[in-house]
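Protein chains in written order, with my numbering: chain S, -10 to 225; chain P, -10 to 225.
Where hints are given, some of them may not hold.
Pairs of lysine-lysine residues, derived as DSS-like cross-links and limited to a Cα-Cα distance of at most 27 Å, are as follows [unchecked claim]:
hint, chain 1, residue 1, chain 2, residue 2
1, P, Lys59, S, Lys59
2, S, Lys209, P, Lys152
3, S, Lys218, P, Lys49
4, P, Lys152, S, Lys59
5, P, Lys218, S, Lys49
6, P, Lys152, S, Lys177
7, P, Lys207, S, Lys67
8, S, Lys152, S, Lys209
Calculated from the structure, these hints are not laboratory results.
Residue-level listing of the chains:
There are 2 protein chains.
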Amino acid sequence: MDKLNLSKHISSSFNDEIDEVLNHVMAMGGLIEQQLNNALMAIANADVELAQRVIDTDLKVNDWELQIDKECTSIIVKRQPAASDLRLIMAIMKTIADLERIGDETRRIARVALESFNSEQQDLLVNLDNLGRHVGQMLHDVLDAFARMDVETAVAVHQEDKKVDREYEAITRQLMTYMIEDPRSIPKIMNVLWSARSLERIGDRCKNLAEYIIFFVKGKVVRHSSAEKLEQEARS
Amino acid sequence: MDKLNLSKHISSSFNDEIDEVLNHVMAMGGLIEQQLNNALMAIANADVELAQRVIDTDLKVNDWELQIDKECTSIIVKRQPAASDLRLIMAIMKTIADLERIGDETRRIARVALESFNSEQQDLLVNLDNLGRHVGQMLHDVLDAFARMDVETAVAVHQEDKKVDREYEAITRQLMTYMIEDPRSIPKIMNVLWSARSLERIGDRCKNLAEYIIFFVKGKVVRHSSAEKLEQEARS
């Protein structure tokens, strides 16, 4: 995998195996990006068939997690990696766990497309779509950062999550106002709210993925650190 | 740690170290159980101070995760465990990741106690409390199963989650009905709904913890398996 400029970090002994695992992580990441895009498209076009495809495809995401997890365990047993090699395996195992959970969220988001909305309600979906695109960009960027083990991009993704949180809060307020005005719409609008929440959670998980990149490259655990501390550690 | 009947699974070489790590996992689990109980008590008694303590204590949960994660990595490097020893380390690392996320959910639940509710709304909180106790029992049982590496209890916890899901759905319907009848209450009741959702998610995570126990004892990955398949694998 030429895109992965990782060779300098990895002892040559297990280079091929790790390369294959990294290829699989990128394939899993690509599939999940596609799942999120399809879920958003299904909502925008009220495409029930596409939504169902997203829901069904989540099984493939789960299979990737199990397979990559197995590959990582096998590398630990066979290669007994230490230092940065082990750190890479650990970062990969944590990454795929979060990717799998992002997959679960895309499945939940797709369910909104199974509802039908009137034209006024469809206006509310525009903001959900905007939030979705924002989060989709974060996911794209963090996977790109993973492929290049690029700490700067990881830090940028981490910071982006604050904006996603604000956007999510604005949508929540808007949806609650709508429900207060039209209480009969509550069950339907609740589904939109759950979707917005799922998108916000995907943003959180992209933040986790960014932390694993910094953990691998810098050898520093930045989980649960403040934004300032994280930036400082990543750039030192 | 006498409670942990693990010695037969573990090569004597790293027995002491693993024993310490397991002690730490149990301490982390105990803290999270307490966090959940305190969050529920804070809601039942409208105890703002206790709720704030739950929110603040989440930092300790995060510290446990970081520490145990480090201990596990260090054991892998020093001991190069294989087979069931490595499986135990992997199970522990996955367990603490889920425990930390359960900690996050308890913090979210506690926030409900910061709101004030009228007497009619307090009736709605009774069902939230029941769901909370149900999930609390699942958490207690799965931690107990972990301490004894007891597959039967793990399977029982796994099956219990279906009941929690049904209870959660009933609460959701009840809360939505209440919002439809009294739209001005929507922002407040939404917080109760988020809490119910957090409890449901804790149930899901207890299911994950049960799967890690089966993975360790039986050497079989049962993630993403159907309930029937899981039961079959666990008992074979």
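Open item on the list: Does Lys152 of chain P sit within 27 Å of Lys209 of chain S, going by the straight-line distance between their CA atoms?
Closed with: Violated, because 41 Å separates the two Cα atoms, which is more than 27 Å.
Task: Pair hint outcome, Lys218 of chain P versus Lys49 of chain S [Cα-Cα no greater than 27 Å] - done: Judged against 27 Å, a Cα distance of about 18 Å means the pair holds.
Open item on the list: Can you confirm whether the C-alpha distance between Lys152 of chain P and Lys59 of chain S stays at or below 27 Å?
Closed with: violated, 31 Å
Open item on the list: Between the alpha carbons of Lys152 of chain S and Lys209 of chain S, is the straight-line distance 27 Å or under?
Closed with: Given pair Lys152 of chain S, Lys209 of chain S holds - Cα atoms ~25 Å apart, limit 27 Å.
TODO: Would you mind confirming whether the straight-line C-alpha gap from Lys207 of chain P to Lys67 of chain S stays at or under 27 Å?
DONE: Judged against 27 Å, a Cα distance of about 21 Å means the pair holds.
Task: Given pair status - Lys49 of chain P, Lys218 of chain S, alpha carbons within 27 Å - done: holds, 18 Å
Open item on the list: Can you confirm whether the C-alpha distance between Lys152 of chain P and Lys177 of chain S stays at or below 27 Å?
Closed with: Between Lys152 of chain P and Lys177 of chain S the Cα gap is close to 24 Å, so the pair holds against 27 Å.
Open item on the list: Does Lys59 of chain S sit within 27 Å of Lys59 of chain P, going by the straight-line distance between their CA atoms?
Closed with: Judged against 27 Å, a Cα distance of about 21 Å means the pair holds.
The structure does not agree with the numbered hints 2 and 4 stated previously, though it agrees with the rest.
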